[in-house]
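K.L.:
Each chain, written out:
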Amino acid sequence: MRVYVNDRPLELLPGMTVKHALVRAGLLRDVQGGKKVYDQWDHELGLDGALAVDLKLYVR
Amino acid sequence: MKRVSLLFLALSLVLALLAPAGLQARQATIRILYVNDFHGFAEPHRPAGATELLGGIAYLAGYVDRLRPEKPTLLLAAGDMLQGHNWANLTRGKGVVELMNAMKFDAMVVGNHEFDFGEEVLKRRLAEARFPVLAANVEGFPALKPYVVKTVGRVRVAVIGVVTPDTPITTNPRNVAGLKFLSPEDTVRRYLKELRGEAEIFVVLSHQGLPGDRALAEKVPGIDVIVGGHSHTRIDSPVTVGSTIIVQAWDHAKALGVLDLLIKDGKVVWFNGYLQEVKPAPGLADRRVGRIVARYGREVDAALGGVVGETLVDLDRDHVCQRETNLGDLVADVLREAAGADLALINGGSIRAGIPRGKVRLKDLYDALPFDNYPVAVRLSGSEVREALEHGVSALEENSGRFPQVSGLTFTYSPAAAPGARVRDVTVRGRPLNPDGQYVVATNDFVAAGGDGYTVFAQALEPPGEGAGPEAFLHGPRLAYSDPGRWLRDLVADYFKAHKKVTPPPAGRIKEVD
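For the protein sequence lines, the chains are R and H, in the order given.
When you number the first sequence by the working numbering, it's gap-free, plus one each residue, and the end is 60.
When you number the second sequence by the working numbering, it's gap-free, plus one each residue, and the end is 514.
Hints in this document: simulated from the structure, not taken from any laboratory.
These figures come from a predicted structure and were not determined experimentally.
Careful: at least some of the hints might be erroneous.
In silico lysine-lysine, BS3-like type, Cα no more than 30 Å apart, as pairs [what the hints assert, rightly or not]:
1) H:Lys71 to H:Lys123
2) H:Lys193 to H:Lys150
3) H:Lys123 to R:Lys36
4) H:Lys219 to H:Lys193
5) H:Lys279 to R:Lys35
6) H:Lys94 to H:Lys279
7) H:Lys359 to H:Lys104
8) H:Lys219 to R:Lys56
Using the sequences and the hints, build the whole thing.
P.N.:
So, in structure tokens, the structure goes:
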């Protein structure tokens, strides 16, 4: 399943979550340090949130 | 926007007061309170990156107590309530149902993780629930109801439940054997037609995530409100797609969703919604719910203190990031067996505490394996296995969490060699690793996602073809096993329970050479 983190495409297994996308992108520590994750509609997401095909995540 | 809505409400109320009695009878305000993806986070907790405690279901219930009497109200749960945190898992969701009963929920949609304890356990939880649990798009599970029609004040509201059709690939397939998950769009379309005449307002209680909910609203007209879950989305103010209002309340009881609807002649003519953030506050908690949380908390403590078996030697965590240890061997063995794999490889950093010789309590295992890691198995070539091992020993100088603990293979490596060229002999069942052979390799989801830099697993899981969907992964050639509903620590606990006295496997799988 392809998702995007800060516009970078990543492949993950179905069933994986926002946390896995951040692990793959090397950004989990940023979020643990206080940054937040948003979807393409600018809603904040929980780390256990389910992913969807072509979902766009932004860490800031 | 909110000011315009309030002005509209004021005008509506004035008009309602001036209108003839017959017209007034067709106008009403109702309230929907909602939660989703609670995952058993009953007690206040500090999420990653947060600076204060958030959540606490007793505090959330306190807000429900205050907001419900103000208007005719529905209290809804959009799925994934029963599984996740130890508080819920160690009673398999029983405590969650008890507190939902106490809070007088009106309906809940089943989430994909509600199936994680298996069908029989879910049936027991549904029998205990004093509210309907919905899933209109699941065939083969009669205890799940497709919808419920409630009279809220004077308004007839139909609540139709749908769960993600990806459920079979987000829990162990045996948990949903014999069940069929239909298209939410087709299902909702069908029930909207069937329920026309029985209700004025149509709410879809959805556990498929915001992207799916937006698609549902675009493709299926006639839905007034979608109360969603699954994507753990913090929708601070309701969004609209066409004429459908979509809401979702983050996760883990960190927020209670509040949506007020003004209904006139069977149509929503105004709405206002917000998320009430939940955090501990004096005098806020619902005492009855608080007592349930505390009682199950004591049960969890008792369960964690329960002895699951015995180890005849100290199980070593101190060196899991430097060399093979008996605890690393044990965890890797359990993982390999659970996944039915040829080999297993985990990152040493996933093991966080040792276990001294003697009786082993459940808590010891939870301390040793504190992360919510689940098993995944991937088909790798012998070359890829070697690549993974090279990566595992590429940062020896840093005592890195990437150091591998393995099962089903042995290997030697030279610390003096350059990173990327340290692995020497690799054997599987006594024979040299075949670079062109294929091996099913179990690992945890963290490593499978590329954690600790293990890109070989993630690269192996590149899509089977352009535009391939989740089904292609499930039946594709590289993914052999995935069980997102089963934590690795629980598998190790089951191993101890089954074997009683555990003698760690003999060392000698990973050796340094010159």
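K.L.:
Next step is simple, just say for each hint if it's right about the structure.
P.N.:
Hints and how they fare:
{"no.": "1", "hint": "H:Lys71 to H:Lys123", "result": "33 Å, violated"}
{"no.": "2", "hint": "H:Lys193 to H:Lys150", "result": "17 Å, holds"}
{"no.": "3", "hint": "H:Lys123 to R:Lys36", "result": "37 Å, violated"}
{"no.": "4", "hint": "H:Lys219 to H:Lys193", "result": "15 Å, holds"}
{"no.": "5", "hint": "H:Lys279 to R:Lys35", "result": "20 Å, holds"}
{"no.": "6", "hint": "H:Lys94 to H:Lys279", "result": "24 Å, holds"}
{"no.": "7", "hint": "H:Lys359 to H:Lys104", "result": "42 Å, violated"}
{"no.": "8", "hint": "H:Lys219 to R:Lys56", "result": "21 Å, holds"}
Hint compliance for this structure: hints 1, 3 and 7 are not met, and every other hint is.
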